[in-house]
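*Asks:* Each chain, letter by letter, is given below.
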Amino acid sequence: MEELMQLLSDVRPDLDFTSEKKLIDDGVLDSFDIIAIVGELNSLYGIEINVENLLPENFNSAEAIYALVCRLQEE
Amino acid sequence: MSLISAEFLLFTAALSAVYFLVPRKCQWAVMLAGNIIFYLLVGKVFPIFLIVTCISAFCCAIMVDRVRERFKKSRSECHTREEKQKNKELCTRIQKCIMAACFIFNFGIWAVLKCSHSLPLPLGISFYTFTAMGYCIDVYRGKYQAEKNPARFALFLSFFPHMLQGPFSRYNSLTETLYEAHGFSWSRIKEGGIRILWGVFKKTVIAYRFGIIADCIYGQKTEYEGIYIVILMIAVTLQLYADFSGYMDMAAGICRIFGIRLEENFRQPFFARSIEEFWRRWHITLGAWFRDYLFYPVSMGKGAQALGRKCRKRFGNALARIVPSLIALFIVWTATGFWHGNAWNFRIWGWMNFFFIGSGILLEPVYTKWKKLLHINTESRWWKVFQMCRTFWLFAYMEMFSSACSASAAIRLTVSLFHWSVPDGYALLETFGMEGYDVIVLLAGVIVMGIVDVMKEKKIVIQDVVDRMPVVIRYAGIVGLVYMVLLLGDIGTDATKGFMYAQF
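These protein sequence lines are chains C and A, in that order.
Count the first sequence with this note's numbering and you get residues 1 to 75, in order.
Count the second sequence with this note's numbering and you get residues 1 to 504, in order.
Calculated from the structure, these hints are not laboratory results.
The structure presented is a predicted model; accordingly, all values stated were derived computationally and were not measured.
Please note: incorrect hints may appear among the correct ones.
Claimed, not checked - From the derived model, a few chain C residues whose C-beta atoms are all more than 12 Å from chain A: (1) Asp16; (2) Ser19; (3) Lys21; (4) Phe32; (5) Gly39; (6) Ala64.
Stated by the list, open to error - Calculated lysine to any residue pairs in the SDA-like style (CA-CA distance at most 25 Å, straight line): (7) A/Lys143 x C/Glu74; (8) A/Lys369 x C/Glu2; (9) A/Lys96 x A/Met63.
What the hints assert, rightly or not - Covered, in the sense of this in silico footprint (three residues per stretch, anywhere, with C-beta under 8 Å from a C-beta of chain C), are these stretches of chain A: (10) 303-313; (11) 321-328.
Here a beta-carbon is modelled for each residue, glycine too, at the ideal position from N, C-alpha and C.
Generate coordinates for the entire structure from the input sequences, incorporating the hints supplied.
*Replies:* Shown next as structure tokens:
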């Protein structure tokens, strides 16, 4: 999780990912941020996030993103 | 039948009367019949392309769903992980083939008709083709199941308020209320009626007058310069806004009468502080379509991601992260330009949007440094107003460019912008063939439109404000609006030429 928090703050240093719970619903992350995060996650964890995974519930918080990474690693 | 005519009013009234009189389980069938009659009355031709798109999209989604179900069953019989993986890959491959065939067929028809100068573009084809393909992609992605009833799917695709000029409705969002039964409600009719009236006012009173100015400058052989081009930029932008958002108000109002929820296509665009934000407020559903079905697949594709990784070594992390998005952004704006028209002025318009959005993101760290150096408070009111004005003028310039008859004409207008001469006010009015009262009507209309947008931006629900007004003032306002439309509005123009976005 620490690694993920570092990755997220590298992409958006202005955000506090520990408190943000509606990153997509409130429009905090835009499509450029999402693609940057997806690219970093794919490289770091060796997973393949595809368009079907781009759901608000998978990217609304750091915990949700972590859960998605864990799920894709298991598959 | 024009959309702003007594015939259309009668059509809507008759359809709503039948809709609420028949048993509730038949309401959707009445709406489908209404859509067919509407297309025949407005389009004046048999909707062959609409039917073809409807059948092909319906069959494609059904086949994609069936393939998924069949492979799901056979996957349960797989014992090893490799077998399951192979099964999944084969399933995806077959689904992709079905999708590709449907895409080539439908986008092929659309592109051929768009490129052809001899064939007329069928009414609403750019809207229903994209809506249908969006539905197929959602089914392929497993977002929802394919519709099993062809007649109900035809109702979704041909639903008359969104078929001509959008919004690009999503199947799951629109059909939630479209397939539902609805009881008669006076309050809904009142709310819908007011919204329709407001849309008609914007279209017939405001857009019409700005159209006179735009047509005058575009249509004349005389070379206009300086102030005329500035006026043209304002006129084209506000004409398009009043026209397109006016239609959206009418469409939303009609849907409100029936109890159907239509997605909003505008969110006070002139409050945007950048071109990127502007496109999240203007023609929202078109932007969302391109984002979900083109931007994400391209930027997450193997090619764009691999290029991003290559750039990492040479240019560092920050730039490498946005390379896939920039590639996708270029493709999206090239496609958006083509969607608007097969001409160089539309292509350049698309690339200008790409340039302003892309450079804004790319140079963000540089801008941040400058703002710090110059001690600019980015949250101050004046800075926000400056950003809004800058966005307005950039958009206005691009609209003038795309509205010109050709790219060379647009470049000529751009050059003329810098040849400055200031004629007196009467000379301007005379040039545009307008009377003094036209200017007063135009200014008053723009102020009212602006006040409504400010209220919406402040999250004030207009309907609540109207409801809280004393009855006398409320009805006087409605009567006044009707009176202004009848007296000052341009009523009865041809439906296809009447609304600017109907030509796309």
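*Asks:* Are the hints correct? Go through all of them and say.
*Replies:* Hint check results:
no.	hint	in the structure
1	Asp16	18 Å, holds
2	Ser19	20 Å, holds
3	Lys21	21 Å, holds
4	Phe32	5 Å, violated
5	Gly39	6 Å, violated
6	Ala64	18 Å, holds
7	A/Lys143 x C/Glu74	22 Å, holds
8	A/Lys369 x C/Glu2	29 Å, violated
9	A/Lys96 x A/Met63	11 Å, holds
10	303-313	holds (count 3)
11	321-328	holds (count 5)
Consistency note: the structure conflicts with the earlier hints numbered 4, 5 and 8.
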